[in-house]
Amino acid sequence: MDTISLHDTDFGTPLRTSETEVTLTIDGFEVTVPAGTSLMRAAMDAGTQIPKLCATDSLEPFGSCRLCLVEIEGRKGYPASCTTPAEAGMVVRTQSPKLAELRRGVMELYISDHPLDCLTCSANGDCELQDMAGAVGLREVRYGFEGKNHLAAVKDTSNPYFTYDASKCIVCNRCVRACEETQGTFALTISGRGFGSRVSAGESQQFMESECVSCGACVNACPTATLMEKTVIDAGQPDHSVLTTCAYCGVGCSFKADMKGSEVVRMTPWKDGKANEGHACIKGRFAWGYATHKERMLNPMIRKSISDPWQEVSWDEAINYAASELRRIQTKYGTDSIGGITSSRCTNEETYLVQKLVRATFHNNNTDTCARVCHSPTGYGLGQTYGTSAGTQTFKSVEHADVILVMGANPTDAHPVFSSRMKRRLREGAKLIVIDPRAIELVNGPHVKADYHLQLRPGTNVAIVSALAHVIVTEGLLDEKFISERCDTEAFNSWREFVARTENSPEALEISTGVSAELVRGAARLYATGGNAAIYYGLGVTEHSQGSTAVIGIANLAMATGNIGKEGAGVNPLRGQNNVQGACDMGSFPHELPGYRHVSDNATRNLFEKAWGVTLRADPGLRIPNMFDAALEGSFMGIYCQGEDIVQSDPNTQHVTAALSAMECVVVQDLFLNETAKYAHVFLPGASFLEKDGTFTNAERRISRVRKVMAPKAGLADWEVTVKLAKAMGYDMPYNHPSEIMDEIASLTPTFKGVNYEKIDRLGSVQWPCNDETEEAGTALMHIDHFVRGKGRFIITQYVPTDEKVTKRFPLILTTGRILSQYNVGAQTRRTENVRFHDEDRLELHPHDAEELGIQTDDWVGVSSRAGETVLRARVTERMQPGVVYTTFHFPESGANVITTDNSDWATNCPEYKVTAVKVVKVMQPSKWQEEYKTFNDNQIHLATDRVIGAALSAGK
Amino acid sequence: MEHNNNLIKMANDIGAFFEAMPDQQQAAKDAASHIQKFWESRMQKALLAYIKTDGDGQLKPVMREAIKSLN
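Quick mapping for you: the protein sequence lines, in order, are chains A and B. Just so you know, we're using this note's numbering here: the first sequence kicks off at 1 and counts up by one. Just so you know, we're using this note's numbering here: the second sequence kicks off at 958 and counts up by one.
This is chain B alone, in the form it adopts within the complex (with noise of 0.2 Å):
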């Protein structure tokens, strides 16, 4: 749980940084390609694990369009 937690911090303090970017249809892509690129599969897979079971109301808005095409 304290993981989850942790890992929802750190995809929101990504997004935090994107959703600055005038278009957000770009930042998602790219808040998305940026925990493609430094994430590690097992912390992907535990927060897609986590939204699909608690749903991404933590998470800024623009990091549920980069989820999105993490899937």
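Isolated chain A, as found in the complex (with noise of 0.2 Å):
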């Protein structure tokens, strides 16, 4: 097993740049640093550990604690080290005999207030408190606990991740400072003074009632047990730590597994992580408990229709029978009866393997990834207008970003520790810009404001996209250098010519979109002349049918600036999924092989033919939706289903379910009994990322190793069912490790030529491009000196209103996201204590809606579009723009996707989640499907609990 050490080296205070270098003597011994590096820090890089309990290196000093104090030649006093930058030719001191009598006395009075509690506390053994004691020789406490002390404070456990012991609280102002430096979020303070001061979450609330995002900044940089994870508490201190990558959203966090055994203690974000530097959220720190959660599906199950009770079988005899009933149905309907599809849940490895399978053994093209039905237009757009398909910079370029325009995205609620870094820099100055139907959190937020919000109709993204564009054009805003030195000089024309028609102006536009003129214009000018000016996007740009034009014409924006190829610029498509990214550059779709290589492309296609023994087919394979329709036709009788539940996360629920119902053969590969598993044929059980090796690859193009930190719950890691399957169907896949599937991805695609799990355990990630041509850890930072394809490639973006429309019938639009607590389907969130901050999808709407519908927050309305019916509690919020209603998709039993249509991209088939006409009443009792829903469903849970244990079934229909 790969371990490390479980506490890092803490330098005290942060790192420092600096082009300029001073050198100075620390107890007798020369050291050099950048210019701006404290004198604490120093003396770690000498090596010596001053004492100190207020100043960690994630933080920015603070100076309060008095215990790391030093002397320095020719000065008085006895100056804080944390808050003394280092200059040239300082003589200093870390020890004397007065340091050491200063700092007993701190030490002494903190103490004095502080429970003697060492041998039964949860910190014991992690307790900074405690090592300081140790460190300064306190040998004795003068001061009683007669006099007023804190020791009777009562304790916060509100929170269902960790408690708040006041009683233990030093008053060192390192939660406070993290939740305003790491985090942004500002819920903690200081009340009182003096003697009273304690740290209060919110005006003194209890912290679940605060406005807390339980992100676990705080009790990472609590030095004692004051704020102190629950799990820890009930299981003690852990015995070793495992390097891995979160599991949840596209930031791709890296967390240490702290672990006692194989039970997983507690996670904590690792601070030389480069898409998170130490860093997490709600979800990747503490929302685990999914990965032993008792629901876990263990044991491989089949039956012949899904109206039998499943039997549990073993390994072999599920796949064997998957493998006949797969071979079964192509042998009746046909080669491409059947195909395959993967969710950016699952590791490159393992959609690698499905893909491969696929095409290797089913012998078709029919694999599709739900990537499919988010950033597929991300793929089509960057890859028409630059020539791949990947964002262009690092997380850490926003620190150089002037001016930040989000569209599409709510990175504070889907995104979070992307989101924290950007705020940071907006306040530190940087200016926003915001297009979204919605007023989310950043337009308006307590301590970051949009300087623009476009505050759109849905659906009409590529008309403001136009309309900027308009302004950049006409008020001669053009990088013109740029665009003639990188760009395709008559796409660019064709263009502009384009663009500055009247028809494209704001003024123009102004009636679709419903954002005044002078508000584009304004926006159009921030961005094109605040200097660095970086785009990040998200679902609300793709999921449209005009998904792929709205990125197209994002691509244009920063080209038509010179916003590409720098540091603090660039498009940046902020991936939903931990491995949306990774799930894509693995051939994922049905017309690509891994590297975003056509499979017309004839010298890929032997290349991958020549390694795999096999005929690859030329022709492009079924996308998710196409397989629904052709399920319906009855020519897609079979599908391999790899981590994700198209039930409930893929639009238009009906059409969706009709499909799975006509098929033969579903087959469900998962950790739990997923809404699409109870129309499965065939269950195989999956692993959690815990269970398994991998990688992953982030938003960034950041490829980071998932390591197993203890054995697969039901046996087998999912590589290995692919592999048994394909074993079943005939064809060998003969690995003994998941690094040797990695080998073989990047012996056969150039862009990961230089990628292995060495490299990878060696640097910490990688990004790719990464071969011979790149640095040793790949590409930070794309498009620098020529685009991918070339020269950038201007394409013209018409705006074509929607078919989705509001009609009498259909009075308002729905659209639809994601809330910070829960994650997409909620199959993973909804089994851990984050339903205690999200527990139902609701349907948001704006005030003056409410008022003409007679509907108040907590009423029951109904939602009704031409694709189906539901029932949600209302929530009525200033948000949302009039005319517009909003909800999520976390639980089932909502049937937010029974309402959305299967309107899509004209591109890439993307649905169109974010633009539904709906009508809204209030009710009083759930939709017909949801009746029909709570049926099937009482009846599949019960067709699983009871199911029996032993009996083989025999293939064939």
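Some hints here could point you the wrong way.
As the list claims (entries may be wrong) - What follows is a list of derived Cβ distance ranges for each label pair:
#, chain 1, residue 1, chain 2, residue 2, range
1, A, P734, B, P1018, 49 to 57 Å
2, B, P1018, A, E518, 50 to 58 Å
3, A, D316, B, Q982, 41 to 49 Å
4, B, Q982, A, T489, 19 to 27 Å
5, B, T1010, A, P811, 52 to 60 Å
To be verified - Stretch-level coverage of chain B by chain A, calculated; a stretch enters the list once three of its residues show a Cβ under 8 Å from a Cβ in chain A:
#, stretch
6, 961-970
7, 973-984
8, 1012-1019
Said to hold, decoys possible - Here's a subset of chain B near chain A, in silico, CB distances under 8 Å, partners left out:
#, residue
9, F995
10, W996
11, K1009
These are computed hints drawn from the structure, not numbers from a lab. Everything numeric in this text was worked out from a predicted model, so none of it was measured. All C-beta atoms, glycine included, are put in the ideal place defined by N, C-alpha and C.
Starting from two chains that each stand alone, build the complex the way the hints lay out.
Structure, rendered in structure tokens:
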């Protein structure tokens, strides 16, 4: 097992970078550090740890604990080493009799108001106060507990994941500063003065009642047991730690899985992780308990019909049954009658294997991934304009942005750790443009405000982008030098002529977008002239009938203003799930092999044919929505679905369930009996990210390791299951470890040529492209001197209104999204204490609409569209604009996707989740769909609970 | 029938993008290429079969041109 140190070295103050270095003497030793480095950190560089309590290297120095005092020759007094910068020629002493006396005095005071319960304290073994008492040689505390103290302070246990024990607080401010500097929520403060000073959440509220977002930064920063994970209180200190990558969003945070044997005690963000730099959110930090949830399905099961009880069988029986059924279907209905889908929650190696299974064993290209329903337009749009499907920057690049444009994304909820990094830059003064139908938190947060909020009508992204481009072109804001050097001239001229037309002016498009021309002009000027300008966008851009066009439009804007190929700029798709980028890279789409090479490309196909020993098809396969259509037509009858819950996550639920019901063999591989599994004939237990090795690729193209910290609970890692299925279908994939799968990927994919596990282990992570032409760790910043495709290609983006128009029958527009505490279909987060933060999907609507419809918060409301109807409880909020309603899709019974339609992006078939014309009425009972769902669901749970053990089925219908 | 209508709609959605291009001859080629690159053969065949029996009247002009090269 690859373990790392449980405790990271704490340098006391943050790393400074400077072109100037200073040399000083500390305790007789010369040390050279970058200018601006604190004496505390310089001493650490020289090998000396100065005692400290309020300092930690993730936070700016504060100088309050008075423990890190030093002596400097020629200067009076005892300055704090954390707040004193190193200067050339300084002579510093970190130890002297006087310093020792002072430090013991300070410690004595701290300990005089601290419970002396070290042996039974949850921080025993990981307590900096205890360590410092030892370091300063504290031998007595002359002040008893007779005087006023805080020992009887009541413990706040309201948060499900950590406790706040004020009796142990030394008021070092680390938690308060972490909440401000690291997280950017400012939920904590020090209330009271002098002796009365205590950490306070919100306005002296319980943590759960405050605006705390449970990111855990305060818990990480706390040097005592004041803020402590409940899991550590229960289990004790961990005995080893394994580095791994979060299995939630596309930020891809690095975590240390702190372990006790094979039990996870806590997940702590890794300070050297480049995606998160030691920060986390409520999901990655705390919501991992699903991995051991009682509802995990740990045994393979089969059944002939979905109305039959499940039969629990051995792995071999289940896999042989699946293989024989899939082959039977191919014999009966043709080679193209089966396919496979992976989830972006799967590792690179797993998705690579499934597409290989489909292409080499099923002998067709019917492979797809859930990126189909989120970021496939990114693949198309950036591929067409720049030459490859990927974000152009690192997350760190935002530190250099002067203008940040957030479009159709809500990083506060969906990419919280990146949001914190972005907010830090905004607090430093960067300008912010938000383009979103909703007033997301960034628009008017307590500490961050948008300079421009273009609150457009859903479905008008392309109009807004064209209007912004119009201003840039017609007001002479183009970066002509960049364009002439880097972009295709003919394409640019066509685009310039197009966007300059009056019909694309902000004034002309105002009637469509609902955004005042003045605001659009101001935002365009700011984006074009405000310095480094970076665009971050999300599913609010892609999940539209013109999703690909909008991505192209965004790429055009960056080229037009020269905001590409440099730090602080770029085009950055915020990927929804942890491995959306990786799933796309791995050739999961039906039209392309790994590395974004079309299946019709003979040279690429020949390469894979030689390596895999099979003949490959040169024609594209079915995309997910096409599979459903083909199933209903009777020509697509079997599917292998790894980790993806298409019933809950794909649009028009009733269409999806009808398609699955029409199939003869649905094989689902998952942790839980998810909604899709209720339509399955074969259930193969999945392994959580804690139970397998592999890699995830985040939105920065950063490839990081997922490491096994415990044995697969069902006996097999997911990649092993795919290997077995291939073998049962007559095709050998002889891998011993996922590292060998990555080696194969690297050998066949030029952009991955330099990727291997040894290098990732050594460097922490690498970013593709990673090969002989790049740095060893790959490419942090793309398109520096030239675009991947050579010259950047401007493409005309004509605004075409969606077919989902409001009518008398459906007068409102529904748009859907996510919330901080829940993740995607909620299969993981619903099985954690995160349900205490969000336990049902709500319909948000504007007070004006609510009044017209006679609806109040908490009322039950029926939401119907041309696809279906469901019932949700209402939340009236001014975050919405009149005419637009919003909900999330984290709970299956909510049926958010019963309402969404199969209208989709013209280029990729990515569904238009963000625009559905609906009618909303106050109701008193669940919808017909919900009643039917309850009956069906209850029956399926019953069929799984009462499963038969051991009786194998014979194949064939 | 529903599936055919869906294919016509999908084709016209593609057409809506390409009909804005200045060179319509090239746009038709690009639209055809798009269908060849992204549509599975069943979909292409179904669209062509539908047009053969019902005509291409429902298609945008750029797609009518594009479809010719798919035959």
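Comparing the hints with the structure gives:
1. A:P734 / B:P1018: 49 to 57 Å: Holds, since P734 (chain A) and P1018 (chain B) (Cβ atoms, about 54 Å apart) stay within the stated range.
2. B:P1018 / A:E518: 50 to 58 Å: 38 Å, violated
3. A:D316 / B:Q982: 41 to 49 Å: Once the Cβ atoms are compared, 58 Å apart, the range 41 to 49 Å for Q982 (chain B) and D316 (chain A) is violated.
4. B:Q982 / A:T489: 19 to 27 Å: 20 Å, holds
5. B:T1010 / A:P811: 52 to 60 Å: 38 Å, violated
6. 961-970: Since 4 is at least three, the answer is holds.
7. 973-984: The restraint on the stretch 973-984 of chain B holds, since 6 of its residues have a Cβ under 8 Å from chain A and three suffice.
8. 1012-1019: violated (count 0)
9. F995: 6 Å, holds
10. W996: 7 Å, holds
11. K1009: 18 Å, violated
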